[in-house]
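**Q** Spelled out from the first residue to the last, the chains are:
Number of protein chains: 2
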Amino acid sequence: MARKKQAGATIPVKGIPIAAGGSVLRPLKAAEVVAREVVRGITAEGLQPGDSLPSEAQMLQTYGVSRESLREGLRLLEVQGMISIRRGPGGGPIVGTVDSANLGRMEALFYHLAGATYDELFEAWLFAESTLARLAATNPDAALREQVMEPYLSGDVEDAEHVDLEVYLEGHEGFHGAVSGLTGNRVFQLTFRAYGQVVAHHLSTVGDVRKLHKKLAEDHLKLAQAIIDGDGEAAATLMHDHLSEVITITRRELGSLLDGPVGWL
Amino acid sequence: MARKKQAGATIPVKGIPIAAGGSVLRPLKAAEVVAREVVRGITAEGLQPGDSLPSEAQMLQTYGVSRESLREGLRLLEVQGMISIRRGPGGGPIVGTVDSANLGRMEALFYHLAGATYDELFEAWLFAESTLARLAATNPDAALREQVMEPYLSGDVEDAEHVDLEVYLEGHEGFHGAVSGLTGNRVFQLTFRAYGQVVAHHLSTVGDVRKLHKKLAEDHLKLAQAIIDGDGEAAATLMHDHLSEVITITRRELGSLLDGPVGWL
Chain D
2 MARKKQAGAT
12 IPVKGIPIAA
22 GGSVLRPLKA
32 AEVVAREVVR
42 GITAEGLQPG
52 DSLPSEAQML
62 QTYGVSRESL
72 REGLRLLEVQ
82 GMISIRRGPG
92 GGPIVGTVDS
102 ANLGRMEALF
112 YHLAGATYDE
122 LFEAWLFAES
132 TLARLAATNP
142 DAALREQVME
152 PYLSGDVEDA
162 EHVDLEVYLE
172 GHEGFHGAVS
182 GLTGNRVFQL
192 TFRAYGQVVA
202 HHLSTVGDVR
212 KLHKKLAEDH
222 LKLAQAIIDG
232 DGEAAATLMH
242 DHLSEVITIT
252 RRELGSLLDG
262 PVGWL
Chain Z
2 MARKKQAGAT
12 IPVKGIPIAA
22 GGSVLRPLKA
32 AEVVAREVVR
42 GITAEGLQPG
52 DSLPSEAQML
62 QTYGVSRESL
72 REGLRLLEVQ
82 GMISIRRGPG
92 GGPIVGTVDS
102 ANLGRMEALF
112 YHLAGATYDE
122 LFEAWLFAES
132 TLARLAATNP
142 DAALREQVME
152 PYLSGDVEDA
162 EHVDLEVYLE
172 GHEGFHGAVS
182 GLTGNRVFQL
192 TFRAYGQVVA
202 HHLSTVGDVR
212 KLHKKLAEDH
222 LKLAQAIIDG
232 DGEAAATLMH
242 DHLSEVITIT
252 RRELGSLLDG
262 PVGWL
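Residue numbers (the working numbering), protein chains in the order written: chain D, 2 to 266; chain Z, 2 to 266.
Incorrect hints may appear among the rest.
[What the hints assert, rightly or not] Here are some chain D residues pointing at chain Z (derived, C-beta under 10 Å): (1) L26; (2) Y64; (3) Q190.
Simulated from the structure, these hints should not be mistaken for laboratory data. Even for Gly, the Cβ is constructed at its ideal location relative to N, Cα and C.
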């Protein structure tokens, strides 16, 4: 974490001013064209995670780009988790996943370079998740709301500290992912979850989120009930209070680790 | 645009289901570590756009990675516009900008792969920009609100069709960028503007947004006044109505070009 300290005072890190959309019409670089075409090919063919993509030789022919540009394009997608590349004989590119955590990792670079603070991230996170909760609760399909939220009503609020951290975090993120799925809007789902995932990664690399488990699971239970009840205002308020408390705990535990601009630790 | 048509009917393109945060704890690839460290170096040193970065030889020594990983890391940043690399003698990496349009371009890959529709993008866009307008109008610094919005009060609503498209679009995006800047939150600024930039790029590559100029400039004038007046509700409503009309026009003009998942054309 890049921080500048002097005589105990925090000097704000100077980021780069945010440009005003000047690159909306910038022509795509060759690697970006490759990345876009590979992605289009996946949806056009209806491929699913784990399916094989054409070989490098076939892609070179299809896209008519240099080997360097092809490889750069594939690496761009690999970093986003959208494809994976198996090395060695019988290897090659296969379809990966669409995971907002990968988007969050990229966004963290933008935040850091702009000098955005954790306060700014927390504000966006509170706002985004409350919105997701409201939209989930107002999904008109009551049966779907119940089906998706039912697993979180069971109230298993004890004894999470012995669970593997990665498994625990995936389960925790799973709840928020389920809420976002009920909005029926994949754009919200992908972009509004990324804030929380930047926070979750930060918390998990410097502390142990499992200590918070009992509180979090109780909140999730109440939230699941409000969403099943179709009460948008209650769901938004519960989510806001839930995250406000997590932010308070985070501030207390991390303190000066929240100085400096937002990053993916 | 990947579309599947059959007997006149649109068959929804099947995207990949969105994963639930499974990659929050994925270790960074070497190229990502390089990208992150270069970005941290820029903010820690207080470098600004156009400043030179260390040479490739120096970075190899600093980061202790392979030349391939270093180059991949730098290319990742180059695609995001965060650095640019001058080729040839006397060349080398220099600091670029932070531009949400570059984030939008990357997000469009996520939307496309998930099969997200333009309706979903429009919903997110309406919501995000209305929020930015409300927050801008409730910025407590009245003098700043007036200073930033004053240029949009002059009401130059005629004769934009002879302006270069790129210049026009930059000016148009400039207004929305100025509104987002008044939120005082760089996380909102970077992420909430990206929706509109995906739309703007789409509109500008298949049509001519300058035809809409008179209407847009009049709306901007009213919005600027509401923001100066500090009226958050009016600003949010005006922004919502402004974009709703743009969406209506877009639907009428583009029609079937909005079939298929969202992409960066």
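**Q** State for each hint whether it applies.
**A** Each hint tested on the structure:
1. Residue-level restraint check for L26 (chain D) holds (minimum Cβ-Cβ distance to chain Z is 5 Å; threshold 10 Å).
2. Among the interface hints, the one on Y64 (chain D) is violated; its C-beta lies about 15 Å from the nearest C-beta in chain Z, farther than the 10 Å criterion.
3. A cut of 10 Å between beta carbons decides the hint on Q190 (chain D): the least distance to chain Z is about 6 Å, and the hint holds.
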